[in-house]
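*Asks:* Listed here are the chains, written in short residue letters.
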Amino acid sequence: MDQAVAPPAQAVRRMKLVCPAGTPPALRIAVDNGADDVYLGFKDETNARNFAGLNFDDKSLREGIDYAHRHGSQVLVALNTYPQPSTWRKWQAAVDRAADLGVDAIIVADAGLLAYAARTHPGLRLHLSVQGSATSHEAINFYHERFGIKRAVLPRVLSVEQAEKAISRTPVEIEVFGFGSLSIMVEGRCALSSYATGESPNTHGGCSPAKAIRWQQSPRGLESRLGGVLIDRFGEQDHPGYPTLCRGRFVVNGDTYYPFEEPTSLNTLELLPRLQAMGVAAIKIEGRQRSPVYVETVTRVWREALDDCAREPQRFRVKPAWQEALAGISEGHQCTLGAYHRPWK
Amino acid sequence: MNATRPGTMKLALGPLLYYWPRETVLAFYRDCARWPVDTVYLGETVCSRRRELKLADWIAIGEDLARAGKEVVLSTSELIESDADLRTMHSVAGNGAFRVEANDMAAVRALAGKGPFVAGPFLNVYNAGTLALLAELGAARWVAPVELSRDGIAAVVADGPPGIETEVFAYGRLPLAVSARCFTARYNNLTKDHCEFRCIEHPDGLALDTQDDQHFLVLNGVQTQSASVHSLVAELGEARAAGTDLLRLSPQSQHTGEVVAVFREAASGALAPHEAAARLAPLMPAAACDGYWHGKPGIVSVGASPAPK
Amino acid sequence: MNAAATTVRRLPAPVRAVARRLPRFPASIAFATGLNLTLRRKFPAEVLDRLEGHTFAIVVEDAGVELLFRVRGHRFVPVATAAEPVLRFRAVAWDYAALAAREADPDTLFFNRRLLVEGDTEIALLVKNTLDTIDIPRTRGLLKRAMRAVGPAAR
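Residue numbers (our numbering), protein chains in the order written: chain A, 1 to 345; chain B, 1001 to 1309; chain C, 2001 to 2155.
Read the hints as simulated data drawn from the structure, not as lab findings. A few of these clues could be false.
Unchecked claim - Calculated lysine-lysine pairs in the DSS-like style (CA-CA distance at most 30 Å, straight line):
1) K1054/B <-> K43/A
2) K1054/B <-> K211/A
3) K1054/B <-> K90/A
4) K1296/B <-> K165/A
5) K150/A <-> K1114/B
6) K16/A <-> K2042/C
7) K345/A <-> K2042/C
8) K2144/C <-> K90/A
9) K319/A <-> K2144/C
10) K345/A <-> K1114/B
11) K211/A <-> K2144/C
This one's a predicted model, so the numbers in the text were calculated from it and none came from an experiment.
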């Protein structure tokens, strides 16, 4: 086991707000509303939100970086899928493009690609993606020792206590998820999508590829299917969710229910003072596939909340208006603390 | 890909993924000593709460199997969350007796530079760069991720470091995902911390069907598996040609010894592919699939079903 | 700012009555013309390639209107009838306006079943993401002002 690394001096660091951008307008809106970091991806399967019409080419990325830097924000490029031998050069080229365009960091999952980036672009700041499945400080320190990663995104599986221990034993900045679609499975360790469709986040940069999704009105309600597999049926009063397998309603021993998770969003606003005190470096907002309206709402609310928390953590209260605004854009209209709260498990 | 003779592939019995009563486990591995497998992976890889057997018990089983001529490998957990999980991982890594399969980068770090280890299927080795890194740290064998296709495996082998052995998941319900949440406990309206160890009631997992009655998945505590049984028994020539050295067979509650025997005969070329598939069918707890091997959805069955009569 | 509040705003009854009596095809002509004026040049060529030859239906539920158009030669062309459009959207006029003005989030309307989408999901996502990429500040400003003006009447 490692020696505990002394936590950074008493002074509480201000947590950074890391916001998603699937499109140039979303990037500008995130910057305008106070995002410290904006993360995005190229228009291909090198990132885990590889959806039609989404993401950035070199020109829009160059403009985006320029806009962000002029307004004091940073741009992080996600290259967080796993290249295979036939596509290795494309990922390698994506690392080079990101470095040449002057991005502030790249977010990488694959160990081979991290090795390439560290070797070829020693000045390029490396973040370990949540898809890298580093669930302990020892795994995080492995990536630190080998590739000099500066920040790691924690998979959404640790309780607050476990996250706190991890932070106290690594020199790497820790970023945690604050809001958005909740992953039920350990990121980087889920092949449910490829089992039904042939494409998974690891292999193709997306869960539930759109071409495999079918929405059908049937006599028994609105049906969602993925690769032909019936995920759910919605009656007139039901709210449909994203057609992902881990939000599906299935049958176990005659009981029809959500065996994995109800359609719901992660929301950790109420944990902010705790996360700040334990030394979390950055809070990540999920949703590169969402609209500029979503990005505007989450960035505005979380900016205000993080500022309140940094100013007076003891007096921090979650404002009802924040919760209302976030509930309005959440999947399933419910929010959860997820694994941060132990009984969720 | 040329279909060559299956040739000299070894058989490996993967770690037991389910939770069985202690006596059942002990009896299973007593039988295993007589099966024609070359390598046996031991240890609890799915859930740290399962405690029918302790590490000392696994080591004792390993010693018996080693005396029976098997190569024994101890596997680390596929998900490390707590300090206790880390301590367990370090005990396995430093067991001193047997080679270790690392299933997480914390385990790789613990094993790096300390002699040969196995890079397990959960390390996400999708390319030769990652494999070269692991080989540099001491990996003598790698197990391909279940969703990597025949062509993907062949390409990693072709570009990868020389001398490293390649193992492929060749039989069993596919371990598709792992979570912090226990789905068997959730089914029983329990939390993981108070799960009452209900997964012991489901020796081959708890079946999950779609609302239109398709057998789809199996819940195994924090792990989710395919309901269909992945089988490469009819593709062994291709497996060999792709560079496979070992075929991993995953334990099931019934007929595991017979499954091993069929693979042994098929791997030696004594049994034709369609005959092997036909012999295997009645030994399987569910229908066969092999889509991943062919670069298709894992649930699909391309060549795994017995030839039509 | 989220216009996707809990209540559905419908066109006032007199407007609904007039709208229902309007001939269909001219409405589609007007709509397609509007698309060509505001959006066509903003759509990337590769997106128009992907949409080429497909027919789209936009059902304005409270107006009882179905607007039909096809993409042909990188232009939006009105059509009179379509058996199987590649996509059919259904929502009330207010929600369409809110989407166009970036006052509402499409996923939220979808979760609330206020925006129904039938057909090819991949094309739906492509259209949604492309629209998210496009900046039409003047049109949006006009829409927002119009919505404020008629807002009190819509319920």
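*Asks:* Look at each hint and say if it fits the structure.
*Replies:* Outcome of the hint check:
1. K1054/B <-> K43/A: Judged against 30 Å, a Cα distance of about 49 Å means the pair is violated.
2. K1054/B <-> K211/A: With a Cα-Cα distance of about 47 Å, the restraint between K1054/B and K211/A is violated, given a limit of 30 Å.
3. K1054/B <-> K90/A: Judged against 30 Å, a Cα distance of about 46 Å means the pair is violated.
4. K1296/B <-> K165/A: violated (41 Å)
5. K150/A <-> K1114/B: holds (27 Å)
6. K16/A <-> K2042/C: With a Cα-Cα distance of about 34 Å, the restraint between K16/A and K2042/C is violated, given a limit of 30 Å.
7. K345/A <-> K2042/C: Not OK: K345/A and K2042/C at ~47 Å, beyond 30 Å, violated.
8. K2144/C <-> K90/A: Violated - the C-alpha atoms of K90/A and K2144/C are around 43 Å apart, more than 30 Å.
9. K319/A <-> K2144/C: holds (27 Å)
10. K345/A <-> K1114/B: violated (35 Å)
11. K211/A <-> K2144/C: Judged against 30 Å, a Cα distance of about 34 Å means the pair is violated.
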